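Chemist: Those protein sequence lines, which keep their order, are chains F and X. 63 is the number of the first residue of the first sequence in the working numbering; add one for each residue after it. 1466 is the number of the first residue of the second sequence in the working numbering; add one for each residue after it.
It is worth saying that the hints were derived from the structure and are not from the lab. None of the values given here were measured: they were computed from a predicted structure.
For lysine to aspartate or glutamate, the following EDC-like pairs were computed, each having C-alpha atoms within a straight-line distance of at most 16 Å:
1. 92/F with 244/F
2. 173/F with 1711/X
3. 225/F with 1617/X
4. 173/F with 188/F
5. 397/F with 329/F
6. 1597/X with 182/F
7. 1732/X with 1694/X
8. 173/F with 1713/X
9. 1477/X with 1498/X
10. 173/F with 1708/X
11. 142/F with 1708/X
12. 1716/X with 138/F
13. 1501/X with 1659/X
Computed footprint of chain F on chain X; a stretch qualifies when at least three of its residues, placed anywhere within it, have a C-beta under 8 Å from a C-beta of chain F:
14. 1551–1562
15. 1583–1597
16. 1604–1614
17. 1621–1634
18. 1696–1710
19. 1776–1785
A short list of chain X residues far from chain F (calculated; beta carbon distances all over 12 Å):
20. 1480
21. 1496
22. 1506
23. 1661
24. 1690
25. 1804
Glycine included, every Cβ here is placed at the ideal spot set by N, Cα and C.
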Amino acid sequence: MMNELEKLCLLDGISGDEGQVRDYIISRIKGKCEYHIDPLGSVIAFKKGRKTPDKKLLISAHMDEVGFIVNYITEDGFLKITPVGGIDPRVVFGRRVRVGEEKLIGVIGAKALHHLDGDERSKAPDFPEMYLDIGAADKAQAQEHIMLGDSAVFVSNFVRFGKGMVGCKAIDDRAGCAIMLDLIDSELEYDTYFTFVVQEEIGLRGSTAAAYTVDPDIAIVLEATTAADIPSASGEKKVCCVGKGPVVSFMDRSTIYDKGLYRLAFDTAEKLGIPCQTKTMVAGGNDAGAIHKSRGGVRACGISLPCRYLHSPSCVISESDFENTVKLVKAMLPKVYEV
Amino acid sequence: MSKTDTFELLKKLTAPMGVSGAEGSAAQAAASELDKFGSTEYDAATGNLFFRRKGWQEGRPVVMLDAHIDEIGFIVNYITDDGFLKVSSCGGIDRRMLLAQRVRIYGTKGEGRVLDGFTASVPPHLAKDYSKAAQVEEVLIDTGMSGDEVREYVCLGDRVLVENECTRLLGSRVTSKALDDRAGCAALIMAVAELDGEELGCNVAVTLTSQEEVGERGAKIAAFIVEPDAAIEVDVSFANTPDSDDEECVKMGSGVMIGISPSLSRKLSNDMRTLAQELSIPYTMEVMGRTTGTNADMISISKSGCPTVTLSIPERFMHTPAEVIDTDDIENTAKLIAEYLRRYTS
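Could you build all of it, start to finish, from the sequences and the hints given here?
Modeler: In structure tokens form, the structure reads like this:
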């Protein structure tokens, strides 16, 4: 499963440009289930189980990741970029990205350190002050390789480090995609719908359309969520902790989750003897926000991997949380109909 | 040297860790490039690498070519019980790039082991102000281990580095960590390589010196030992960006920057300019109103004083892991140095 996660994370797919991820997912599920691509680019899959339940279950994860879009080319051949999704501007300066159809390497720069005045030195540059250098000598050379609207994605390696830890870009939410691929590979008790959706990072847009299409009764959203378990945070400000199991939320900024499913998750974890935690702050949000309000309403559950440094080129999770999330989801599935 | 050779040389030189005070591996990589052209000696106590070109004859004037081998980085000063490292900076790190970076931790405990880690970023609910750059003292390095586990590999004083391997951009431009000043080291090695086998009127010493980023310390010691009659310092300087002032920067790819400053030898500056003009080597003049902020400041006042000139390679995003340089500028710098040595007469 770690190899699957690595493959998925290293694919480039910012919101609105998820093609590479979609192609890979299709290559993996072809012949194993029915699927179609919806008008926005989401993959909607249906896998037969041994039984057909009287309620429809949807499991959803998003394919897109945060990144940048080229909006201007200067006379000197520098590219100006706009963030796509919620990127902290302080994790952008001095980073390497891949940009455009040719996947050119570029670096994101700003005014030279030595030329900053007193106040400027303690300021983090904001997006309008940064630009992408691809080594072009001038605008004409840049235009030979780059078009306005091209995507730029953080360059990142899949790093296994420390004791059972993993760091890479795009773990949010290729981890969810990896778990769904694993479920599609396995024998299922009940018929299940899976949506690999687009455009989560710019406002839960792919899931809005996909949930309408599937029309589920129950939905489980698989995500990665902010873990702030670093020494500078304490108590509830840690939100959740890496290594302490899957995160099941009672509420975030987009959803108040179904109580029955919330309890089922914790009961199931207890029976399995695996750790399970909730978020100690009402923060963040995910596709459940769109799905639970779809049509006449959907009972929704959010199961997330605790992830440090979310929305940066260096998301960090633990392998044990990943494995325990897979176990929890698999054990929960047959029981959601009873809630 | 062909373009490919320059890139490959840069790749070899930039790869090793050489944070100030821990330059050994970087010096070794440079020594293996210089060995064929003369004799090298690494002084582990000071971190300086010395090279004497073949054909060294006692009594002849000595021209010293210097560049610094060290790079900016971090040094571990504390390990928390939950396994995060706190660090101080070695050199003037650009604070704007500190968060959510992949780092390598050069653990020296026991047999020594390089560990991967990440600098923590501060999640949105804790960040008070997105517009503030982090302080080095606030940086927490996530090792993915507990404090006790980390202490099996890492000691206080070990170095930590943000690494980016040397990679081509468009045309002749490249990006890497440590181009400041391995690009300068590359120019000196290329100049020596070009002159291989030629008779010269002077002895050529190359020094690749330590601890420039913390105050030009290695060069002070090296100049004392070499006792040069003239010195050429090669370092990086500022290339244009969209927000730069034309007075402070030159265009990337515009050739070697010849320094003029009250602290430098005006004769050497003029000689370099005349030579570049005569040979049509692309160049610009870099005028500084005071000292240069490079090793030249130390070398020029070593012992009884030594006429010194700076040659600079234009660079973007200095003191970040994303420095950018044009290899044409390195080649032109090397060419000018080689021609200067060919014509040297005391």
